[in-house]
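K.L.:
Given next are the chains, with one letter for each unit.
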Amino acid sequence: MSYIEIRGLCKKFGDNVILDHVDLDIEKGEVVAIIGPSGTGKSTLLRCLNLLETPEGGTIKVDGREYDLTTKDGKVKRNLRRESSMVFQQFNLIKHKNSLQNVEEGLRVVKRLGKDEARKKALAELENVGMADRLYHFPKHLSGGQQQRVAIARALAMEPNLLLMDEPTSALDPELVGEVLLTIRKAAKAGNTTLLVTHEMNFVKSVANKIIFLENGKVVACGTPKEIFGYPSNERLKEFLAKIHMLEGAEYNI
Amino acid sequence: MKLFDIKLVFSQIPTILSALPITIELTIIATLIGYLLGLVLALVKIHKTPVLRQIAVAYISIIRGTPILVQLYITYYGIPLMLKHHNLTYGTNYNINAIPAIVFAIIALGLNQSAFDAEVIRASIQSVDKGQVEAAKTLGMSGGQILRRVILPQAVVVALPSLGNSLISLIKGTSLAFTVAVVDLTAEGRILAGRNFRYFEVYCSLAIIYWVITVVLENMFKILENKFSIPDQPPVIAPEKVSGGVVK
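Protein sequence lines, in the order shown, are assigned to chains A and B. Its first residue numbered 1, the first sequence is counted upward by one per residue in our numbering. Its first residue numbered 1, the second sequence is counted upward by one per residue in our numbering.
Mixed in with the good hints, there may be bad ones.
[Stated by the list, open to error] Quick list of simulated restraints, FRET-style, between CB atoms:
| id | chain 1 | residue 1 | chain 2 | residue 2 | range |
| --- | --- | --- | --- | --- | --- |
| 1 | A | K12 | B | V216 | 55 to 61 Å |
| 2 | A | F13 | B | K48 | 16 to 22 Å |
| 3 | A | S170 | B | V51 | 40 to 46 Å |
Read the hints as simulated data drawn from the structure, not as lab findings. No residue lacks a Cβ here, since even glycine has one placed at the ideal position from N, Cα and C.
Only chain B is shown next, with the shape it has when bound in the complex (with noise of 0.2 Å):
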C-alpha cells in the first residue's frame, strides 16, 4: 500500500464531484438571500428608520460577531424548537423531521452572508454622488425609480469586488454544512474516505475542487466587472459629425 497514492487524488474527483449541485444549490440560494436581505438592511441603515434601524443594527453586529459554525448549530437545533413550541402552543401539526436538512444548512448561510453583504451594499449605495440622485429627483422620479435606475447600478459596480469576495467565501463556508448532515462536497470527500482510509487524499481532491470553482468564480466576477464599467476611451466621432463644440 502506497504512501500518498497521487492517481486517487485526481480520480475520486467525479465521484466527489456528485454532491456538487447540493454546494451550488446551497450557494445560489444562500447567495441570494444574502444579497436580497442585505439590500433591505443597507436601505433600513441608510433611511435610518427607527425601531427597524436598532434592529438591523443588532443583527449585523450578532451576526458577524459569532461563528457560521456556531450559527448553523443554532438554526438546526433552534428551528425544530420553535416549530414545536408552535405545535404545541396553537395545536398545529408540522412535522419536524421532513424539513430536509439543507433548509438549515441554506438559512443558516444566507442569514450569515446577508449580515456581511449588508454593509458592503451600505458603503456601496453611499458612494454613488448625491447630485444625481438630485437631479433624478428634480425630474420627477419616485424614489424607487432613483434607486433602481440611478443608485443601483452604480453601486452594483462599486460592490461587484467585495460581493465577489463574499461569494468565494461562502463556497468554502458550505464545505461546514456536512456538520448539519448536508451532503455537499465535503460530506460526500468524508463518506468516500470513510470506506477507503484515504483521507489525505480525499481532503487534497476537496481542496483542488474548492480551488477550481474559486478560480472559476473570480474570472466571472472580472468579466461582470469590465461588462458594467465605462470605457476609458470615449466613442469615436464620425469626421463629418463634428461640431467642433460650436452652439447653432
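In isolation and in its complexed conformation, chain A is listed as follows (with noise of 0.2 Å):
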C-alpha cells in the first residue's frame, strides 16, 4: 500500500474529458513530476486533488486516510484540503497580510495555533526560502520570485502530507527562475512528499523521483527520470521529448 493512492480519478468539462480514470501512487517522500503537453489535464490532476476542481469520479488514499473526491460535505473537503497544500502559478499571495502574516494565517486560523508559536513557525519557514529580511513586505513590494518563495513558505508551514505545486516558475521572469527551482529542491530534499507540474525539464530530471506522462486525460508513461528521458518506451513520449530537445541522443530534423 503507498502512501499516497489515487484511483480512477475522472473529470469532464461538459463534454470534454479531461482526467480519464487516472490511478497514481506516491511513496512517502517521494517528488512526483507530471509532464506532458499543454491542455492534457496536468493542472486540472493537481486541482481535483484539493476540490478546487470537482471531480466526476475517484478516490484518494492518504496515510491510510480514504477521501471521496467527489464529496459535497463541507467539512470532509475542508479535511482532505489541510492533507495537501498547494503552491500556484500566480503565487495566490492574500494581497493585504505582508509575508509574515500570509505564512502565519493558516497556522492561525485553520491550525489553530497560539499567536507566539505561528510566530516562531512563520520565521522558521521564511528563514528557510531566504524570505527572512522581508517579513513586512505586502506583496506588492515584492518580485515573482520573492512572492513564490513566500508562497512556498505558506504551503510548508501548513506541514502537509502532500505539496502540491502547480507550475511554479512559468510565471517567472527567466532570472526568478533559479531562486524558486533552488527552494524547491530545498523542499524536495527535506522529504515533502511532492506532485510537481512544470515545463523545467531539467529541473525534473535532477529532482523527481518518478516522472508521469500524461496524455489526453491518461498516464501514457510512468518511470523514473532515466527510464523517461533515457530510455522512452513511448512513440508519443518520444515526440514530446523531441519536441521541447530532452531526448538524449536524438537527432534533429530542422
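Starting from two chains that each stand alone, build the complex the way the hints lay out.
P.N.:
Shown next as C-alpha cells:
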C-alpha cells in the first residue's frame, strides 16, 4: 500500500474529458513530476486533489485515510484540503497581508496555533526560503520570485502530507526562476512528498524520483527520470521530448 | 426690515443644530441597515442562490427605480396598514400611534441605501482576485473565514469611495424625513422659519450645515482610505539582514 493512492480520477468539462480514470501512487518523501503537452489535464489533476475542481469520480487515500473526491460535505472537503498544500503559478498571496501574515494565516486560522507559536513557525519557514529580511513587505513590494518563495513558505508551514505545485516557475522572469527552483529542491530534499507540474525538464530530471507523462487525460508513461528521458518507450513520449529538445541523443531534423 | 439678514443665517445655526442628533441617528442607523442588508443582497446575487437571487434582483430594481420620497410615504402609510391588518387578523393589539415617526424614516432610508450599496458591494467583492480565494481554500479555511479574512478586507478598500458617496447622498436624503413628521435639521429649520418668515435665511443656514457635514465626512473617508491602503513604498530593510535573494 502506498502512502498516497489516487484511484479512478475522472474529470470532464462539459463533454470534454480532461482526466480519464487516472490512478497514481506516491510513496512518502517521493517527488513525482507530471509532464505533458499543454491542455492534457496536468493542472486539473492537481486541482482535483484539493477540490478546487470537483471531479466526476475518484478517491484519494492519504496515509490510510480515504476520501471521496466527489464529496459535497464541507467538513470532509476541508479535512481533505488540510492533507495537502498548494503552490500556484500566480503565487496567490493574500494582497493585504505582509509576508509574515501570509504564512501565519493558515497556522492561526486553520491549525489554531497560538500567536507566539504561529509567529515562530512562520519565521522559521520564511528563514528557510530566504525571505527573513522581508517579513513586513506586502506582496506588491516583492518580485515574482520572492512572492513565490513566500508562497512556498506558506505551503510548507502547514506541514502538508502532500505538497502540490502547479507550474510554480511558469509566471516568473527567467532570471527569477533559479531562486524558486533552489527553494523547491530544498523542500524536496527535506522529505516533503511532492506532486509537481512543471515545464522545467532539466529540473525535473535532477529532482524527481518519478515522472508521469500525461496525455489526453491518461497516464501514458511513468518511470524514473532515467527511464523517461533515457529510454523512452512510448512513441508519443518520444515525440514530446523531441519537441522540447530533451531526448538524449536524438537527431534533430530541421 | 432688511431684505436679506446675513447675520441671522449664522446666528440661527446653533438653534437648528439642536436637531442634529436626529439627523445623525437617522444617518447612522440607515447606513448600518444599508451596509448589512446590502452585503446580504450582494452575497445572494454572487452565489446565485435560487429564488433568493430573483427576489434580490427584483428588490434592487424596484428600490432603485422609485424616488426616495415615494418610498418614505409608502413606509409611512404602509407599515401602519400592515399592523392594522395584523391586529384584525390575529387579534393582536399593536399600538400604531406609539411608533415614533423616525422608525418609518429609518426603515425607508435604510432599505433605499441597501439597494444602492448592494451593487457597490457586489462589484467590489467580485473585484477581489479569485486566486487568493483558491489559496485560502487550499489552506483549509472555511467559506466564512475566507469572506471575513480574505475577501471583505480587500473589497472594503475598493468599495470605500463609493460607499462614501452613498453615505453623503444619504445625509442629504435625511432632509426628506420631515415629510413623515420627523424633526430633523431641515424640519427644525422650517419650524424656525415658520415663526420669523425668514425662509431664505433658514435654507442658507441649512445649506451651510449640510455642506460642512459633508466636508467632514469626505475627509473621514479619505483618512479611512489611507488607513486601509497598502503603502506604495516597501519597508526599509535593515542592512545587516539583507540576504540578497539568496536561498540559504
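K.L.:
Are the hints correct? Go through all of them and say.
P.N.:
Tested hints:
Separated by about 58 Å at the C-beta atoms, A:K12 and B:V216 satisfy the suggested range of 55 to 61 Å. A:F13 and B:K48 have their C-beta atoms about 19 Å apart, which keeps the hinted 16 to 22 Å range intact. A hinted range of 40 to 46 Å holds for the C-beta pair A:S170 and B:V51, which are about 42 Å apart.
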